[in-house]
Amino acid sequence: MRGITKRFGDLVANDHIDITVEPGEVHALLGENGAGKSTLMNQLYGLLHPDEGQILVNDEPVVFNSPRDAIAAGIGMVHQHFMLVPVFTVAENIALGAEETRGGPLGWLDRRRSRRDVIDTSTKYGLPVDPDALVEDLPVGAQQRVEIVKALTREVDLLILDEPTAVLTPQETEELLAVMRSLTAMGKSIVFITHKLKEVKAIADRITVVRRGKIVGTASPDTSEDELAALMVGRAVSLEVQKTPAEPGAGVLKIDGLVVDDDRGIRAVDGVDLEVRAGEVLGIAGVQGNGQTELVEAVMGLREVRAGSVRLEGDDLIGLSTKKILRSGVGYVPEDRSHDGVVKEFSVAENLILDMYDSAPYGNAFRIDGGKVGGNAQERIEQFDIRCQSADTLVGTLSGGNQQKVVVAREMSRPLRLFIASQPTRGVDVGSIEFIHKQIVHERDQGTAVLVVSSELDEVVGLADRIAVMYRGRILAIVSPDTPREELGLLMAGITGAPAEGEK
Amino acid sequence: MSTATVEELTEVAAPEPFWSRQRRLGLALVLIGLLAAAVFGSLAPSEDARFTLSEDAEGAALSINGQFGAVLFGLLALAAGGAMLAGLARRRSNVLLSLGILAFVLSFLCWQVAGNFMPLVDTTEGTLQLALPLILGALAGVLGERSGVVNVAIEGQFLMGAFAGALVGTMATSVWVGLISAALGGVIIAAILAVLSIRYLVDQTVVGMVLNLFALGITGFLYERLMQPDAQTYNTPPQMPEWRIPALADIPVVGPVLFQANLLVWVALALVVVIHFGLSRTRWGLRTRAVGEHPTAADTVGIRVRGLRYLNVLLGGVVAGIGGAYFTLVATGNFTKNMTAGAGFIALAALIFGRYTPFGALGAALFFGFAQKLATYLSAIESPVPSQFLNMLPYLATLIAVAGLVGRVRAPAADGVPYIKG
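Residue numbers (numbering that gives the first Met the number 0), protein chains in the order written: chain U, 0 to 503; chain E, 0 to 421.
These aren't lab readings, by the way, just hints derived from the structure by calculation.
Each residue gets a CB set at the ideal place from its N, CA and C atoms; glycine is no exception.
Among these hints, one or two may not hold up.
Quick list of the computed label-pair ranges, beta carbon to beta carbon [unchecked claim]:
{"hint": "1", "chain 1": "U", "residue 1": "Met185", "chain 2": "E", "residue 2": "Phe276", "range": "36 to 42 Å"}
{"hint": "2", "chain 1": "E", "residue 1": "Arg303", "chain 2": "U", "residue 2": "Gly186", "range": "30 to 36 Å"}
{"hint": "3", "chain 1": "U", "residue 1": "Gly328", "chain 2": "E", "residue 2": "Leu26", "range": "38 to 44 Å"}
{"hint": "4", "chain 1": "U", "residue 1": "Ile118", "chain 2": "E", "residue 2": "Pro251", "range": "48 to 54 Å"}
Dumping the calculated DSSO-like pairs for lysine-lysine here, alpha-carbon to alpha-carbon at most 30 Å [to be verified]:
{"hint": "5", "chain 1": "U", "residue 1": "Lys195", "chain 2": "E", "residue 2": "Lys420"}
{"hint": "6", "chain 1": "E", "residue 1": "Lys420", "chain 2": "U", "residue 2": "Lys343"}
{"hint": "7", "chain 1": "U", "residue 1": "Lys322", "chain 2": "U", "residue 2": "Lys195"}
The following block holds chain U by itself, in its conformation from the complex:
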């Protein structure tokens, strides 16, 4: 790719980017969220069209109008959000767009041949998939294998993997890296998009670092992690969370035998007992989709509880409205920032009082005191280092990191007994991650009980004083953050050291 430039309005997402991928290499594209890595690769895959610049395949200039052209040129892509139809079987998903048919005006599907193709490819590359399983029933790791098989059945020479490890357990990540090695051994090239330094060092042949739409450097895999991080962020960053040992007090949140169903009525939280004490951070580790979301929603009164109890310093929370729960001294950073965390069309100042608008000092049942709201906004913007033009800026125009700081600032500006943060740094730049982590530790040091849920193991290990590993709706174990990674990884995959609790 040569001189690729892509603009969205005033924003230059890619600024004259040159990048070359050689046959048989793993080329890592390293950069923070929002640096422009995915935008660049979406152009290579024909989903977006460059405003300037050229794409060359085997030295021939090409123009990709749609993914169809890119696929024809031997390029495949595994997207960060899987492009699989949940209600289709694996074989249907893989066949889609390149169906085997027996002719007829509508194209009668040859389902036997599609199945065989899937099995052939999956055995050839050592990627086990069940062609007849429904995609929605598969765990994410298996869905990702389906995505890779889907790309490989289309005979690709170049495979783009966009943040493939974000949803995997450490073991699954290892497996994926092994698959990548075997693919390159067969002469295929891989572009590996990520922001995780360890993985880059483990697999990449060459590393290109992207920051704010520009290439800021290339590196070899033996560059140190600190150097890579500095290159990625633009300044030296501390990768460790700085904190003193916790001084836990009395139990604040006590959950007993909690049972919750998900939207489809399937059991999501299956008898969870948990206690969070004042002045400690309890981290919940686990691969996404193991009931963490439902657990937090149930505590917050956002989801119906089937059985069990949730108590905040002895007061029953079940049946209370979310408003009452928030007002009883619970701070909540929701998992999906853009849906549940902020109102994008509202200003920063308005978002900062979203859950306090009808109470003193900001207003009452009939009016909102604009002056107080503005004053509060100024204070929070300074205190939480929210980078915006003014308090009246619409939140939707801020970067992910700054939006998240707005949420954190709002939730921490009330006296809290319990602070719950779900995926507090998802889609947030490294600088803001550092800041948000500091704020969380600070809140803990004030004596608040903190519950952090994250699918990033590094984050849980860095922040937590105790780690609860969740798997299939259960807490498998509560361990100290010094526990070796391999053991945590096995727990996240549902494998316990001792015979599992409750097994008879």
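Chain U is fixed; fit chain E onto it per the hints.
For chain E alone, coordinates are given in the frame of chain U:
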């Protein structure tokens, strides 16, 4: 480290809320069963209710004492409800529910028919005929919605089809030219719907409603200005002939209904089968469903999302337009203002009641067709139920079916969501 896993653990028991959906429906059934046994039973005269297999009162018939039947079937409905309430046969609760409703309907019929007779052939034939436009309309909906475009404009497509069929059919003095024009009339509305919702991303429900009003307005205007003054030249379309397949047509009940019929009956039933297999077994169907469920995924494998949506909405226009032709070329013989009278909306209900599947739509359409046929039959035998209530019957049945029986239907995930690239 041993490799104990937690896969085998059984779920923690959680108390089911007592008033589950099954229990609530069961209670409702018990109540209507009680109502049927008590009210219908006491009102029914103790005379025979005859259900005849032939066209008239003579010949073979099933007969039952009206009062006894009303009480018996009322108690059956009550028993079905009781079984649901007691939590029996959880897996088969839909079967119990259907049985209960059937028993309730039969109890009602026993009361009404007592001392009279109900010709089964005529009832079945009428049900199928009245269901015809509903089947076609619902199929048009299936085509659009499975690819992600909500089609509320079925009513408008019916009206345009009915109008175009009558007008062009009369002028060309050919029922076949009329039929093709009807299809084109449906396509016109479908095309506007497609362009506005796919290209210009206008809210699909709003566009659909506006198109219904537009079709009502324009056909009403042209009817008054063009057709009414000179009905001979513009509004006496030829009628679709009835074809008889020898031998097969002699089968009792089924024969005269299915094998001595007009072309639309066969077109509608064939389309149900074709669209069913088309959706489930062909490349077109796989892609259509993908576009309706997850358009971005379809795009990334090189499927033209918008193109396929256009195609399906236009095909839906053809089918709904043919459904409109039923009104002028089969049912009545001329066009009148607003002659579809909400049939398009009942078709929409049949689509949802039928869970967005062709066979489901067929079943739902037959159910609504039966309600309509029953209303006309009851007014013909001078039922004590006021005719205004009888005319409400099809709509009431629609309401109960969609709101009460179906509950939450899983629509295609991207239904009604315009696809914006990038």
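To see whether the hints hold, each was checked on the structure:
no. : hint                              : verdict
1   : U/Met185 <-> E/Phe276: 36 to 42 Å : 40 Å, holds
2   : E/Arg303 <-> U/Gly186: 30 to 36 Å : 32 Å, holds
3   : U/Gly328 <-> E/Leu26: 38 to 44 Å  : 42 Å, holds
4   : U/Ile118 <-> E/Pro251: 48 to 54 Å : 52 Å, holds
5   : U/Lys195 <-> E/Lys420             : 29 Å, holds
6   : E/Lys420 <-> U/Lys343             : 21 Å, holds
7   : U/Lys322 <-> U/Lys195             : 37 Å, violated
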